[in-house]
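Based on the sequences and whatever the hints tell you, model everything.
Which chain is which? The protein sequence lines are A and B, in order.
If you use this note's numbering, the first sequence corresponds to residues 61 to 368, in order.
If you use this note's numbering, the second sequence corresponds to residues 17 to 279, in order.
Derived from the structure by calculation, the hints contain no laboratory data.
One or more hints might be untrue.
[As the list claims (entries may be wrong)] In silico lysine-lysine, DSS-like type, Cα no more than 30 Å apart, as pairs:
| no. | chain 1 | residue 1 | chain 2 | residue 2 |
| --- | --- | --- | --- | --- |
| 1 | B | Lys-207 | A | Lys-343 |
| 2 | A | Lys-343 | A | Lys-304 |
| 3 | B | Lys-207 | A | Lys-304 |
| 4 | A | Lys-304 | A | Lys-351 |
| 5 | A | Lys-323 | A | Lys-351 |
| 6 | A | Lys-304 | A | Lys-319 |
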Amino acid sequence: MSRLVLVILLLLVSVGVVASQPQFRASTSLVRLEVSVTDNRGAVLGLGPEDFVVEDLGARQSVQIDASVDTPLDLVLVVQPLTAVAYTSPEQAARLAPSVSSFLQHVEERDRLGVIVGGTPPTLVRALAFGPPSISLESFVGGEYAAPFDAIASALREFPPSDRRRALVAFTNAADFRSVIDFDTLADMARRLGPAFVLVSAPILVQDTFGAQAEGPGGRSIGVPVDASVSGYIFPARLQLLAKRTGGITVNLGDGDPKVLIKDMFTWLRTRYVISYTPPPGKGWHPVSVKVNRRGATVTAREGYFVD
Amino acid sequence: MRAFFSSLVVVIMLGAGARMQVRLPQTQAAKVQSDIETLANQKAEELRTHAGANRLGRLSLEDERTFHILGLAVQAWKKERGAGSAPLLAEGVLLDCLSRLRAVRGFPLATGRGMWMGDYATQHATDAARAFDAALKIDSNLIEARMRRARIRGTNEADALAELEAVANDAAGSPLSYLAAVSRGAIAHGKGDPASAVHWYDRALALHPRSTAATIGLRALGTGARSLEGLDAEDLYYTYPCTVLTPGVQADLLQRVSKVVLR
Chain A
61 MSRLVLVILL
71 LLVSVGVVAS
81 QPQFRASTSL
91 VRLEVSVTDN
101 RGAVLGLGPE
111 DFVVEDLGAR
121 QSVQIDASVD
131 TPLDLVLVVQ
141 PLTAVAYTSP
151 EQAARLAPSV
161 SSFLQHVEER
171 DRLGVIVGGT
181 PPTLVRALAF
191 GPPSISLESF
201 VGGEYAAPFD
211 AIASALREFP
221 PSDRRRALVA
231 FTNAADFRSV
241 IDFDTLADMA
251 RRLGPAFVLV
261 SAPILVQDTF
271 GAQAEGPGGR
281 SIGVPVDASV
291 SGYIFPARLQ
301 LLAKRTGGIT
311 VNLGDGDPKV
321 LIKDMFTWLR
331 TRYVISYTPP
341 PGKGWHPVSV
351 KVNRRGATVT
361 AREGYFVD
Chain B
17 MRAFFSSLVV
27 VIMLGAGARM
37 QVRLPQTQAA
47 KVQSDIETLA
57 NQKAEELRTH
67 AGANRLGRLS
77 LEDERTFHIL
87 GLAVQAWKKE
97 RGAGSAPLLA
107 EGVLLDCLSR
117 LRAVRGFPLA
127 TGRGMWMGDY
137 ATQHATDAAR
147 AFDAALKIDS
157 NLIEARMRRA
167 RIRGTNEADA
177 LAELEAVAND
187 AAGSPLSYLA
197 AVSRGAIAHG
207 KGDPASAVHW
217 YDRALALHPR
227 STAATIGLRA
237 LGTGARSLEG
247 LDAEDLYYTY
257 PCTVLTPGVQ
267 ADLLQRVSKV
277 VLR
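Now the structure itself:
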């Protein structure tokens, strides 16, 4: 049996569903990082400079902290057409529609909002302006194909320079079949440019089943065939990458009531610490690490910044 | 017995239909059975990991059927006497269309290609370029086939890039020149060559001043101050992949599709 040669033939068949640019602000004189700290009860407040350990290029920095609890927002909303989401994943579209409505209801007079639909082609529905929008879900319907990467790339340019809390909020499943901007380029832009990304999506159901059996000479089967299956919900990994790079978050609509999840998202957006420090010298990529001395706390911050 | 085992094959496939069984001594049978189960579980885990990192959805059965019918129509058309280059162009466009559906589960258009975690989209792109090769052998003047083939191969082949540039620079400035210019810009952009990307996006804008695709490309590079307002809401770059642009061929394809559906 030790000389058994296993030749694997795999045939998988699915049986189910499976300048004025918003450059990240880093001059030679000051780095300004927006940071969120949360634990299982929500936002962690009341932290001071002594509670943070910030490393830039591997060296600990002396920092200043500015905390805000209920800050106004600059948001650019990107919505992939719900029909395009449904093209590859109807269950995602069913969850996204009510969450988009919920999002629009949370925008306040003090907030600025821009809206881009990631259709083919992407279109600007509303330039950045104060107040809640009067936009219906009908604005987010149309076509089987989408270009969310182009829409997100373009949305990055909609942010004016500002000290206000900024976030690019995208409702998408990351299925993009048309964009000029490929995902790797977008991920690189996210690393270099402006605001945190908040990516709202829903998990897709994957169900693949296949069988395994042994065959001897002449194709005769040996033993009892075994069915193996893969089943479960997965959240688009691409969105998690974009969120991680920008100090943002993903909102998984499979985790509960969309209204509650969107409300929590706004709480997260409006609560932040701004960490400022003088950066160490050096051009190129500056990896940043931010930690706090609170057990069980999670820090969300950019992975770093770029000095040209 | 050793010779027998050396030719043993473990097959993983959908389902387990009725097959001829080979009887083995009990201890060997148990070992084989254990190997089958171990392998199946290993592969399931591999697939789970792969799907978690890559899967974005799947086509509905209805949409799969639509592509299947289009495929049948093209195959039937290719067999018609004197069909010429048109069905090959149509086949290439169909495959080009499918090649855009990256990370989406569906069936391979060409049957008999068992794929594990492979990317159908990549295979479709390769097949599309071959279909365009075949079409161009019959009619070397098919600009659409040249442009689409060059776009697919341009990420890896210098000759293809030169061909894309030739189409983009064509003095006639047809919509295909516009598509070639945007595609050339996108390739440069993806390869981290901003100067070249700007050049080709600018060329696209010269051919189509309200181009959404070129404007977005320039905005992404930080060189375009233009707003998204007032741009072409029906920009061909976003709509052409699944439609044959060469006059007459799309209509001829739809005729064949009707025949397949009626049949």
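Hint-by-hint comparison with the structure:
1. B:Lys-207 to A:Lys-343: Holds, because 22 Å separates the two Cα atoms, which is no more than 30 Å.
2. A:Lys-343 to A:Lys-304: Judged against 30 Å, a Cα distance of about 22 Å means the pair holds.
3. B:Lys-207 to A:Lys-304: holds, 23 Å
4. A:Lys-304 to A:Lys-351: Given pair A:Lys-304, A:Lys-351 holds - Cα atoms ~15 Å apart, limit 30 Å.
5. A:Lys-323 to A:Lys-351: holds, 26 Å
6. A:Lys-304 to A:Lys-319: holds, 23 Å
The structure agrees with every numbered hint stated previously.
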